[in-house]
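Asks: First to last, the sequence lines map onto chains A and B. Counting from 1, one number per residue, gives the positions in the first sequence under the UniProt record's numbering. Counting from 1, one number per residue, gives the positions in the second sequence under the UniProt record's numbering.
Incorrect hints may appear among the rest.
Listed below are several chain A residues computed to face chain B (Cβ distance under 7 Å; list not exhaustive) [what the hints assert, rightly or not]: (1) H74; (2) D77; (3) W111; (4) S168; (5) D285; (6) R288; (7) R357; (8) R361.
Computed spacing ranges between beta-carbons, pair by pair [unchecked claim]: (9) A:E366 with B:T402: 31 to 37 Å; (10) B:A11 with A:R407: 32 to 38 Å; (11) A:V17 with B:P10: 24 to 30 Å; (12) A:E130 with B:P10: 48 to 54 Å.
Straight-line distance between alpha carbons at most 27 Å, and here's what the computed BS3-like set of lysine-lysine pairs gives [what the hints assert, rightly or not]: (13) A:K72 with B:K308; (14) B:K253 with B:K308; (15) A:K72 with B:K366; (16) A:K72 with A:K218.
Hints were generated in silico from the structure; no laboratory data involved. Where a beta carbon is used, it is the ideal one built from N, C-alpha and C, also for glycine.
Residue-level listing of the chains:
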Amino acid sequence: MSTSISSSIRIPSTTRVLGNGLRVVAHQDSGAPIVTVHLMFRAGSRDERPGRTGLAHLLEHLFFEGSQHAPKGHFDDVLERVGGTNNGTTWLDRTNYYETVPTHAVEVPLWLERDRLGFFLPILTGEVLELQRGVVMNERRQVYENRPYGMADERLHELLFPDAHPYSWPTIGYMRDLEQITLDDAREFYQTYYTPGNAVLVFAGDIAPERAFELAEKYLGDLPAGPVLETQPAPPLPASPGGVREEMEDDVSFPRVHQAFAVPGYGTPDWIALDVLAYLLADGDSSRLQRALVRDGRLAQDIDSYLYPTALCGLFGIVGTARSEIEPQALEQAVRQVLDDVIRDGVTEAEVTGAIRRVRRDLVSELATMEERADTLAYAATVLGDADAIHGVLDGYANVTAADVQRVAATYLSPDRAATLVVIPGEEEEDEEVRDAA
Amino acid sequence: MQPETIPFFPAPVPGQPPRPRVPRPERWTMDNGLHVVAAPRATVPQVVIRLALPAGSAGDPAEHPGTASLVGHLLTEGTTTYSADELAERLDGLGAAVSASVGHDYAEVEAVFLTETLAEGITLLADVLLRPSFPEREVERVRAESLDAIVGREDEPANVAEDRAALEVFGADHPYGLPAFGTAAGIAGVPREVLADFHERFYRPTGAFLVASGDFDTAELKRLLDEAFGAWSGAPPAITYPAGTELPPRAGKLVLVPWDDAAQSEIRIVGVGLDRRSPDWFAASVANYVLGGSTITGRLGANLREDKGWTYGARSSFQPGVVTGGWSAETAVDVGVTADALREMIGEMRRMTEGLVPDAEIRRAKDAMILSLPRLFETPSGVAGRFVTLEAYGLPDDYWETYADRVEAVTAEDVLRVAERFFAPERTVRVVVGGMAEEG
Numbered sequence: 001m002s003t004s005i006s007s008s009i010r011i012p013s014t015t016r017v018l019g020n021g022l023r024v025v026a027h028q029d030s031g032a033p034i035v036t037v038h039l040m041f042r043a044g045s046r047d048e049r050p051g052r053t054g055l056a057h058l059l060e061h062l063f064f065e066g067s068q069h070a071p072k073g074h075f076d077d078v079l080e081r082v083g084g085t086n087n088g089t090t091w092l093d094r095t096n097y098y099e100t101v102p103t104h105a106v107e108v109p110l111w112l113e114r115d116r117l118g119f120f121l122p123i124l125t126g127e128v129l130e131l132q133r134g135v136v137m138n139e140r141r142q143v144y145e146n147r148p149y150g151m152a153d154e155r156l157h158e159l160l161f162p163d164a165h166p167y168s169w170p171t172i173g174y175m176r177d178l179e180q181i182t183l184d185d186a187r188e189f190y191q192t193y194y195t196p197g198n199a200v201l202v203f204a205g206d207i208a209p210e211r212a213f214e215l216a217e218k219y220l221g222d223l224p225a226g227p228v229l230e231t232q233p234a235p236p237l238p239a240s241p242g243g244v245r246e247e248m249e250d251d252v253s254f255p256r257v258h259q260a261f262a263v264p265g266y267g268t269p270d271w272i273a274l275d276v277l278a279y280l281l282a283d284g285d286s287s288r289l290q291r292a293l294v295r296d297g298r299l300a301q302d303i304d305s306y307l308y309p310t311a312l313c314g315l316f317g318i319v320g321t322a323r324s325e326i327e328p329q330a331l332e333q334a335v336r337q338v339l340d341d342v343i344r345d346g347v348t349e350a351e352v353t354g355a356i357r358r359v360r361r362d363l364v365s366e367l368a369t370m371e372e373r374a375d376t377l378a379y380a381a382t383v384l385g386d387a388d389a390i391h392g393v394l395d396g397y398a399n400v401t402a403a404d405v406q407r408v409a410a411t412y413l414s415p416d417r418a419a420t421l422v423v424i425p426g427e428e429e430e431d432e433e434v435r436d437a438a
Numbered sequence: 001m002q003p004e005t006i007p008f009f010p011a012p013v014p015g016q017p018p019r020p021r022v023p024r025p026e027r028w029t030m031d032n033g034l035h036v037v038a039a040p041r042a043t044v045p046q047v048v049i050r051l052a053l054p055a056g057s058a059g060d061p062a063e064h065p066g067t068a069s070l071v072g073h074l075l076t077e078g079t080t081t082y083s084a085d086e087l088a089e090r091l092d093g094l095g096a097a098v099s100a101s102v103g104h105d106y107a108e109v110e111a112v113f114l115t116e117t118l119a120e121g122i123t124l125l126a127d128v129l130l131r132p133s134f135p136e137r138e139v140e141r142v143r144a145e146s147l148d149a150i151v152g153r154e155d156e157p158a159n160v161a162e163d164r165a166a167l168e169v170f171g172a173d174h175p176y177g178l179p180a181f182g183t184a185a186g187i188a189g190v191p192r193e194v195l196a197d198f199h200e201r202f203y204r205p206t207g208a209f210l211v212a213s214g215d216f217d218t219a220e221l222k223r224l225l226d227e228a229f230g231a232w233s234g235a236p237p238a239i240t241y242p243a244g245t246e247l248p249p250r251a252g253k254l255v256l257v258p259w260d261d262a263a264q265s266e267i268r269i270v271g272v273g274l275d276r277r278s279p280d281w282f283a284a285s286v287a288n289y290v291l292g293g294s295t296i297t298g299r300l301g302a303n304l305r306e307d308k309g310w311t312y313g314a315r316s317s318f319q320p321g322v323v324t325g326g327w328s329a330e331t332a333v334d335v336g337v338t339a340d341a342l343r344e345m346i347g348e349m350r351r352m353t354e355g356l357v358p359d360a361e362i363r364r365a366k367d368a369m370i371l372s373l374p375r376l377f378e379t380p381s382g383v384a385g386r387f388v389t390l391e392a393y394g395l396p397d398d399y400w401e402t403y404a405d406r407v408e409a410v411t412a413e414d415v416l417r418v419a420e421r422f423f424a425p426e427r428t429v430r431v432v433v434g435g436m437a438e439e440g
């Protein structure tokens, strides 16, 4: 048994850079006879251009459609046969692909990734594109359009970020843009971003680092390096002077109030203090917002606060659903009141200590799986530049003080920086019928 | 990258799979009847405890559906030792997460503690379970929240489809036919005294069980549990379930719930399943894996998603229960292809009943089920969950140790036999929430 997540949380790893620029990170833990192989590309929806939103995510779907020697359906099939699972996700800053397999089959995902990186273009046809375009459009319908409040996040991003800001459009993409994406768009995106120099490969689990490096070299070391990407300067933090506010209708029964603020990016000291603030505000029944809005004030059915770990800037959000008969303005004002209290009077050391413990509880839970550890290391390598930089983030929590929490609240969560979106109930009607279908 | 410049080499052949290391927990029964399963595992400094009692919605008073659920939610809302606010402060201060969930059969409290706060955590856990005080003020708040949640739930077509499907299979007189959280009328009308009485009668150690997994010392756990739960005693009333049926009342029918401006139709094809302890459970699991156990590679997903591009996913599953549960296949598709999707799903179900599934497909299902075992036991919460399953459904102690052999023993003939029993379309009801231009 390993205890690498010790009382001070550690995810020790070793990094080696292959000749073609691929960074390989190895983290050994022999708690279970499994290995996660995780490939992350510094390519997300922020790398799309207006008019072609959704491209990064559509390419993720296409990347599961097979490659020359592992044709359609092969990817899932061959992994399931060895008791493995796989998935991929696309977000604002990155796209990732990961497979978890029993130790005996660790070469299987590497071979599949080799084929995808080396022999993908021959299978990328118009037919494949059309099919996955349909799947993605259904994903958009299922996850966003056909779900109550499902369109709120998209609108919130549009309000918080100026039009040209790469975080202003949704990762899933706009329907009209999805329709426009061409085969050439997909090929170009793949050729630009899916290169060894723009990727990190992480092994986490029951495998020795030397063996991991050997396998990485064997399967991916001879792939051509590809073009080197130029680093784009980060756009300035959007400030929404004076604040912005909008109401939108949806087929829902209760109003919901969203507030968002642009804050510094993942891993910075202020981001860490804001994470503690997010827990202090809404995690646990004793937290400030739960107490003021749900338990004492009885204005909201639920209230949550969250912080995106994004690179160009973070996004601090607060979202609550009004109880019946409660006007959303009352809820909105109560949230503002809680934030103003924190800014004016600060918080107690006991609140901060409890919040840090709850952060730690969640980190420990998340990092119990090799998939999460691999993802965390890959993200640190991608966004912070070094997998080991994760320890700066993990250790940073212990140093957060009540004064820090008050300072970041005052600096970033003032009313004139807020984007507010209020979802207002629209109308709906239902009826039913029964037919003989046999 | 240019494919012609990269050498191709053949796919690797995996070696011998690792022997699944299934933890062998220590089990004991306390003097008061509380059964304990302890599976220490020191990978992360965390302890996950799940305590389950046969106090689910099946025990609801007939006139107050939702009682069991409300009682569960009120456990952490104040005890005879601490007010609701004091309790919240103590738990949050420990960095603990304690939450209750109430299903049809069991009420369950899950506690996640950092190892260094285990002793104080168990004391609070016992307080929550044994001594809730149901303060008037918190009862009214949670009642109002629950009523709002029921209204909000109906905003989502998937929930409407889910609830309707259960009702179609089991009917309103069976606990599995109603949502475990009850009905608005039941929750609105249940007096505080009924809640306290339900707790008094049902929250008893006999028939309850506690599963612990994570970084702890078993002897120490035993001492802490004796201290915290030793004085607890008694047995809950037995819950009687209505006799099972083989067929839903509307078998063969289509129930259409129109939804204006739906972006998709939510489709459920549902029927009666089988007893969790049935020897056929393994054959049924293999058969289901082939049909829709995996959302992309199952026959349903391969057809509707990968071949047609009509949906983001399609899957099917047997639902376990203390008595016979259900079976369901589900997807969400473009409104315009609703009838076609239904036809394809029925076709795939029918095909399972018309002949033996090829050996290669059966092999794939078995490998996926058996070789994924190590992953199921990766984390403390994973380990706890696997052993909760054994205790909840009365499965043998060696269930996980013999799981691979039992899956391996399933034959193609077994798969056909269970497919005929559960996947024959005329034995199921179709529920569609959305729109459908023409009939399938």
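Asks: Now tell me, hint by hint, if it's right for this structure.
Replies: Each hint tested on the structure:
1. With a least beta-carbon distance of about 9 Å to chain B, the hint placing A:H74 at the interface is violated under the 7 Å criterion.
2. For A:D77, the suggested interface contact is upheld, since its CB lies about 6 Å from the closest CB of chain B, less than 7 Å.
3. For A:W111, the interface hint holds, since its Cβ comes within 7 Å of a Cβ in chain B; the closest pair sits about 5 Å apart.
4. The interface hint given for A:S168 is violated, since its Cβ lies 23 Å from the closest Cβ of chain B, which is over the 7 Å cut-off.
5. Contact between A:D285 and chain B, as hinted, is supported at the beta carbon level, the nearest pair being about 4 Å apart and thus within 7 Å.
6. Hint on A:R288 is violated. Least Cβ distance to chain B is approximately 11 Å, over the 7 Å limit.
7. Here the hint on A:R357 is kept, as its CB sits about 3 Å from the closest CB of chain B, short of 7 Å.
8. Here the hint on A:R361 is kept, as its CB sits about 4 Å from the closest CB of chain B, short of 7 Å.
9. At roughly 32 Å, the beta-carbon separation of A:E366 and B:T402 lies within the given 31 to 37 Å, and the hint holds.
10. A hinted range of 32 to 38 Å for the beta carbons of B:A11 and A:R407 is inconsistent with their spacing of about 56 Å.
11. Between A:V17 and B:P10 the beta carbons are some 28 Å apart, a value that agrees with the proposed interval 24 to 30 Å.
12. For the pair A:E130 and B:P10, the supplied restraint of 48 to 54 Å is violated, since their beta-carbon distance comes to about 32 Å.
13. Annotation: proposed proximity of A:K72 to B:K308 holds, straight-line Cα distance about 14 Å (limit 27 Å).
14. Between the alpha carbons of B:K253 and B:K308 the distance comes to roughly 25 Å, so the proposed pair stays at or under 27 Å and holds.
15. Simply put, A:K72 and B:K366 have alpha-carbon atoms about 22 Å apart, close enough for the 27 Å limit, and the pair holds.
16. In summary, the hint linking A:K72 to A:K218 is supported, as the alpha carbons are separated by about 24 Å, within the 27 Å threshold.
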